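S.K.: Make a model of the complete structure from these sequences and hints.
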Amino acid sequence: MATVSLQGLKKSFGKTDVIHDVEIDIADGEFIVIVGPSGCGKSTLLRMVAGLETVSAGEVRIGDRQVNDVEPMDRDIAMVFQNYALYPHMSVFDNMAYGLKIAKVPRSEIEARVAVAAKLLQLEPYLQRRPRELSGGQRQRVAMGRAIVRKPAVFLFDEPLSNLDAKLRVQMRLEIKQLQRDLGVTSLYVTHDQVEAMTLADRMIVMNGGVADQIGAPLEVYANPATAFVAGFIGSPPTNFLDASTFAPGAPQGAQLGIRPEHVVLSGDGTGHRAKVLYAEPLGAESLIYARLESGDNITIRQDGALPTPAEGETVSVAWDKDEEMQFAKDGRRI
Amino acid sequence: MAERHGMVERRGVGLWLTHLGLIVGVAFIFFPIWLAFVASTVSQPEIVSPPMPLWPGDQFVENYSKALVSGVNAPVARMLLNSAIMAFGISLGKIAISLLSAFAIVYFRFPGRRLFFWLIFLTLMLPVEVRIVPTYEVAANFGMLNSYSGLIFPLIASATATFLFRQFFMTVPDELAEAARVDGARPMQFFIDILLPMSRTNIAALFVILFIYGWNQYLWPLLITTDPEMNTIVMGIKQMFPSGDDIADWPVIMATSILAMIPPVVVVIGMQKLFIRGLVDSEK
Chain A
15 MATVSLQGLK KSFGKTDVIH DVEIDIADGE FIVIVGPSGC GKSTLLRMVA
65 GLETVSAGEV RIGDRQVNDV EPMDRDIAMV FQNYALYPHM SVFDNMAYGL
115 KIAKVPRSEI EARVAVAAKL LQLEPYLQRR PRELSGGQRQ RVAMGRAIVR
165 KPAVFLFDEP LSNLDAKLRV QMRLEIKQLQ RDLGVTSLYV THDQVEAMTL
215 ADRMIVMNGG VADQIGAPLE VYANPATAFV AGFIGSPPTN FLDASTFAPG
265 APQGAQLGIR PEHVVLSGDG TGHRAKVLYA EPLGAESLIY ARLESGDNIT
315 IRQDGALPTP AEGETVSVAW DKDEEMQFAK DGRRI
Chain B
993 MAERHGMVER RGVGLWLTHL GLIVGVAFIF FPIWLAFVAS TVSQPEIVSP
1043 PMPLWPGDQF VENYSKALVS GVNAPVARML LNSAIMAFGI SLGKIAISLL
1093 SAFAIVYFRF PGRRLFFWLI FLTLMLPVEV RIVPTYEVAA NFGMLNSYSG
1143 LIFPLIASAT ATFLFRQFFM TVPDELAEAA RVDGARPMQF FIDILLPMSR
1193 TNIAALFVIL FIYGWNQYLW PLLITTDPEM NTIVMGIKQM FPSGDDIADW
1243 PVIMATSILA MIPPVVVVIG MQKLFIRGLV DSEK
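Protein sequences, first through last, are from chains A and B. For this note's numbering, count along the first sequence from 1 and bump the result up by 14. For this note's numbering, count along the second sequence from 1 and bump the result up by 992.
Hints may contain errors.
Claimed, not checked - Derived EDC-like pairs: lysine to aspartate or glutamate, alpha-carbon spacing no greater than 20 Å straight-line:
#, chain 1, residue 1, chain 2, residue 2
1, A, K115, A, E125
2, A, K24, A, D39
3, A, K118, B, D1185
4, A, K115, B, D1185
5, A, K115, B, E1170
6, A, K191, A, D216
7, B, K1230, B, E1121
8, A, K165, A, E189
9, A, K336, A, D257
10, A, K165, B, E1170
11, A, K118, A, E85
12, A, K133, A, E189
The hints are simulated quantities; they were obtained by calculation from the structure and are not laboratory data. Just so you know, these numbers come straight off a predicted model, no measurement behind them.
M.R.: Encoded structure:
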């Protein structure tokens, strides 16, 4: 168990900078999710903490130790890979025990630790099987078991659920959360799935083009996005972006107005902005209505499923509370 | 239904014709071997008096024991041993060297990595026959004439096998190497604990091919061994042929030929099981 601290972390491949100046202090036992679209540098950031990528500038500290030049095995970390990376010719037991065998842990202790992990992950019946004889979810558990038995100070997860089907993903997400809470191990978790990020994280790092756009608790990030990118990336359906010059007179040149779909309502009394309904998606508990404003901007409205849904092509008027508006400057920063 | 129809048809004349064709083919190919076997079981006068016998005689034990114990120039048992040492040395050596060089090329970034890769590639264009004179010179200067090291070392590097393992290693996901690194495996531990067991199917297949390659070497042993005690069996058969007015001891020569054929067949059949088991076990 340890704190992790990244100070002015940078990474460049040749002349291309892929990570710009990431800074965060992670508390002991905290669950941090690094989220962002493909190619934003989130995996690279994790691999720098793991020691699988070199650090171009800045500092990685685990506990009170600077580990920039420390080999992965000596960093007291364990990593769960996207494709599980199980050793195909070894049994589940051997897969979990391999790291301990190398560390010359006594056989009896290895057996005890694997037994505990197997029990925790419900892998006991499968210990003698090979990875290929397991289902995706079971393989995922073995990969986590391999991390757990080492009793590391930090868990690193690199998109561990992206190879699972949707239902299993939800289940494993809960299990990971539960496990992390029970073990109290500091964790870094990379994902491109914002739902995973919102549900798992104590705090999340939203990455955009190698920059940590915002670091904060999920709800705080949702309610108060620091940039237009964060507002657009976190939340589904994404935030509506409108031309600020039309809807918020007095805003700076080139600014955008952001408004979350759930804050837009159909005003039955005809006040507000006129819009033409393009199509509607009733989802049961809620309905999504896609419409085009007279200004030409598209807008998404999210309303309770019990409310009447307008027909396609119908002209409606939409409104929102001024307090819910978010203004973003031309460079994307929140005003 | 179409498939079933086809099977019904094959039960008729087609099936018989197919088998007839196969049997004729086998008989055609097997006939010389059969003749050699027959010749190895009869006496010298029986061979030289036409017509040649087509059924085995009663000299089997005499001819084979004579071949194995005394031979013509050297006992065949000794030549079999020489061939076995050479074939095992070449195949195991080639596998070890190519595994290690492929490991280096795929998993390590060192200066001149590409250069070395292409140098290995270039050697593909230089088979033994092309470089035989300089190689002989080098082997002779090292004092390796009439020695096992002279038989083995000049043939021990294999670009083909290096390529095969390189291609295989490149299909192994990088994450596996990274997982091993996080688990604390040093490079050689990763090689021995993970990469070698995963390559065992390839190793088995390659061993079969290389063993036969080593066993069938003719030109190089002919050049490097002058002492009959160091002859390998494939070239040794040629050495048994008489020069000048000597009489060829055909039964012993034929017995030697049959003996020379057995080990490769044993290796193919023996490794086939392991090879197929490896295929069935293959996991990724």
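S.K.: All hints, please: hold or fail.
M.R.: Tested hints:
Only pairs whose Cα atoms come within 20 Å are accepted, and K115/A paired with E125/A is accepted, the gap being roughly 11 Å. Proposed proximity of K24/A and D39/A is supported: the alpha carbons are some 16 Å apart, at most 20 Å. The straight-line distance between the Cα atoms of K118/A and D1185/B is roughly 15 Å, inside the 20 Å bound, and the hint therefore holds. Restraint check for K115/A and D1185/B: satisfied, since their Cα atoms lie roughly 11 Å apart, inside the 20 Å limit.
Between the alpha carbons of K115/A and E1170/B the distance comes to roughly 17 Å, so the proposed pair stays at or under 20 Å and holds. With a CA separation close to 10 Å, the supplied pair K191/A and D216/A stays within the 20 Å bound. Proposed proximity of K1230/B and E1121/B is supported: the alpha carbons are some 19 Å apart, at most 20 Å. With a C-alpha separation of about 18 Å, the suggested pairing of K165/A with E189/A holds against the 20 Å cut-off.
Our distance criterion of 20 Å between C-alpha atoms is met by K336/A and D257/A, whose separation comes to about 15 Å. Distance restraint check for K165/A and E1170/B: the Cα-Cα separation of roughly 18 Å lies within the 20 Å cut-off, and the hinted pair is therefore satisfied. Straight-line distance between C-alpha atoms of K118/A and E85/A comes to about 18 Å, which keeps the hinted pair within the 20 Å bound. The straight-line distance between the Cα atoms of K133/A and E189/A is roughly 13 Å, inside the 20 Å bound, and the hint therefore holds.
In summary, this structure violates none of the numbered hints.
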